[in-house]
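Those sequence lines, one after another, are chains B and Y.
Going by our numbering, 252 is the number at position 252 of the first sequence; the sequence numbering is gapless.
Going by our numbering, 520 is the number at position 246 of the second sequence; the sequence numbering is gapless.
I should point out that these hints are in silico values taken from the structure, not numbers from a laboratory.
Label-pair distances were calculated between CB atoms; the ranges are:
| # | chain 1 | residue 1 | chain 2 | residue 2 | range |
| --- | --- | --- | --- | --- | --- |
| 1 | B | Asp-238 | Y | Val-514 | 54 to 62 Å |
| 2 | Y | Ala-327 | B | Glu-119 | 23 to 31 Å |
| 3 | Y | Thr-313 | B | Arg-237 | 44 to 52 Å |
| 4 | B | Asp-169 | Y | Leu-305 | 32 to 40 Å |
| 5 | Y | Pro-500 | B | Asp-238 | 37 to 45 Å |
| 6 | B | Glu-196 | Y | Ile-287 | 58 to 66 Å |
| 7 | B | Glu-196 | Y | Pro-500 | 32 to 40 Å |
| 8 | B | Arg-130 | Y | Gln-316 | 17 to 25 Å |
| 9 | B | Gly-26 | Y | Ser-368 | 52 to 60 Å |
| 10 | Y | Gln-316 | B | Gln-64 | 28 to 36 Å |
A virtual CB, placed ideally from N, CA and C, is assigned to each residue, including glycine.
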Amino acid sequence: MDESGNNSIKADDPIIRIRDLVFCRGRRTILDGVSMDIQRGSIVAFMGPSGAGKTTILRLISGQLRPDEGTIEINGQLISAMSDRELKLFRRDIGVLLQDGALFTDLTVFENIATPIREHTSLPEPLVRRVVMSKLSAVGLGGTEDRMPHELSGGMARRIAFARSVVLDPDIMLYDEPLTGLDPIAVSTIRRLMRETNNALGLTSVIVTHNVNQISNLVDYCYIIASSRIAGEGAPRDLIDSSDPGVSQFMNGRVEGPIPFHYEPPGAPWRLLD
Amino acid sequence: MSKVNLENRTGVISGPVSQAGQCLLFLFRMLAGIRFSLTQIQTVMQQTYLIGARSLVIIMICGFFVGMVLSLQAINALEQFGASDQVSVLVGKSLFRELGPVLTALLFAGRAGTSITAEIGLMKATNQIEAMELMAIDPIHRIALPRFAAGLISVPLLTAMFNAMAILGSVVFSIGVMDLDSGIFWSKLQTSIYFQKDFIGGVWKSFVFGGTVSLIAVYFGYSARPTGAGVGTATTNTVVLSSVLILIFDFIMTSFLT
Numbered sequence: 001m002d003e004s005g006n007n008s009i010k011a012d013d014p015i016i017r018i019r020d021l022v023f024c025r026g027r028r029t030i031l032d033g034v035s036m037d038i039q040r041g042s043i044v045a046f047m048g049p050s051g052a053g054k055t056t057i058l059r060l061i062s063g064q065l066r067p068d069e070g071t072i073e074i075n076g077q078l079i080s081a082m083s084d085r086e087l088k089l090f091r092r093d094i095g096v097l098l099q100d101g102a103l104f105t106d107l108t109v110f111e112n113i114a115t116p117i118r119e120h121t122s123l124p125e126p127l128v129r130r131v132v133m134s135k136l137s138a139v140g141l142g143g144t145e146d147r148m149p150h151e152l153s154g155g156m157a158r159r160i161a162f163a164r165s166v167v168l169d170p171d172i173m174l175y176d177e178p179l180t181g182l183d184p185i186a187v188s189t190i191r192r193l194m195r196e197t198n199n200a201l202g203l204t205s206v207i208v209t210h211n212v213n214q215i216s217n218l219v220d221y222c223y224i225i226a227s228s229r230i231a232g233e234g235a236p237r238d239l240i241d242s243s244d245p246g247v248s249q250f251m252n253g254r255v256e257g258p259i260p261f262h263y264e265p266p267g268a269p270w271r272l273l274d
Numbered sequence: 275m276s277k278v279n280l281e282n283r284t285g286v287i288s289g290p291v292s293q294a295g296q297c298l299l300f301l302f303r304m305l306a307g308i309r310f311s312l313t314q315i316q317t318v319m320q321q322t323y324l325i326g327a328r329s330l331v332i333i334m335i336c337g338f339f340v341g342m343v344l345s346l347q348a349i350n351a352l353e354q355f356g357a358s359d360q361v362s363v364l365v366g367k368s369l370f371r372e373l374g375p376v377l378t379a380l381l382f383a384g385r386a387g388t389s390i391t392a393e394i395g396l397m398k399a400t401n402q403i404e405a406m407e408l409m410a411i412d413p414i415h416r417i418a419l420p421r422f423a424a425g426l427i428s429v430p431l432l433t434a435m436f437n438a439m440a441i442l443g444s445v446v447f448s449i450g451v452m453d454l455d456s457g458i459f460w461s462k463l464q465t466s467i468y469f470q471k472d473f474i475g476g477v478w479k480s481f482v483f484g485g486t487v488s489l490i491a492v493y494f495g496y497s498a499r500p501t502g503a504g505v506g507t508a509t510t511n512t513v514v515l516s517s518v519l520i521l522i523f524d525f526i527m528t529s530f531l532t
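All chains should be modelled from the sequences, with the hints used to inform the complete structure.
Written out as structure tokens, the structure is:
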């Protein structure tokens, strides 16, 4: 099946609008003046070397971190100015799939998926059961509802976590390294689920990853984040052929290039001189 | 320079004081989450089973042997004054007032406190706490509160079991082994132990100890660094600090209660 299905991207209707984002941790500037518009219905990837600030952007979008400067608007709401209560309400409309799935180890598969429903709705038990079972069969794992997370394989656990993150039918899905550590079949399964769910539910998906090959035919648009800023952006195919040396180095995985091999600590001796 | 290091600074005074303050704030945040909803009561019951009922065997075994050794020492000492029939008074008083609540709480800290800290610490290390926050579920209400409440319920109940088993141990040793008169043993126990002063005093203590141990356990688990070493340190700190605080609070409460 072709994973890059067609979805109608309405132009000039960004669901996520980021302007001049600055985020510092201690004296280290993680993000410096990042701006972007993410279109409704699209699948967007943040790529870049480890430690470049990709996950930080994801945490800023979900409201876990607050920017030092700049704004993030989602659906016209300013995330950076929300109170804790507003943030709580807002988070019901976003689904997040964390790196290892982060299933609750003390609950069964069924209870894991049912947790967000029970917490945020007052559906009667038979309905909760029906929603959970339909999500389970949507990820192809009907019949596993009574198992504990440690009884599942890595790929299965990731699919259960996926079912849990979409169970409240969110507007936006955020993925943090969703394909890392999975076998090739599981990678394709999760990838297909991501695309199908995105199209079926009219979601907007944001994926953070450093693996170029795994997602190049899944995403519509890519941002490459390196040295605290957007080093390049565009459709994945255009980026591979990019003439920018940094983008080309990352997309093709070369050691030589403008992104240095040696780590440069923030307080390196020569910095003391200025 | 000072601004960066401020949060890591642990002075002799400022370190413990700020920890205690944060622990207290943590308690208030937990208490703000009390709802008495069906799910909350269910999770508290489940946790009470997991940390309370599962500690029962060790508590009962220890209680039995403490009762036996207490009678052994008491009979040895009292025999010199020809007063070995007073053994049940000595055993009863020391058990209900001191040994029952203190030893139960110490055992509970080792058996259940450590497992609470390690469990919450590991949940943090495997991003489960973060996942919960992202689902707009407050992990302090969902994870910490039921365990704290379960500890508060369990310790007094476990203390009661400890006391009962210790009396049984004392009966087995004094009457069964040393051939003391069972009528005298029970009547002395009945007339010299006061419900209000001895028994209720001990129950109060066990509530305070239960709250202390479970608060420390959930707080250290929740504030553990999300690494293997971090969880290990937090678990050790739970046992050390709860043991010390149990004994300090025991002295304070005894001097105020009597």
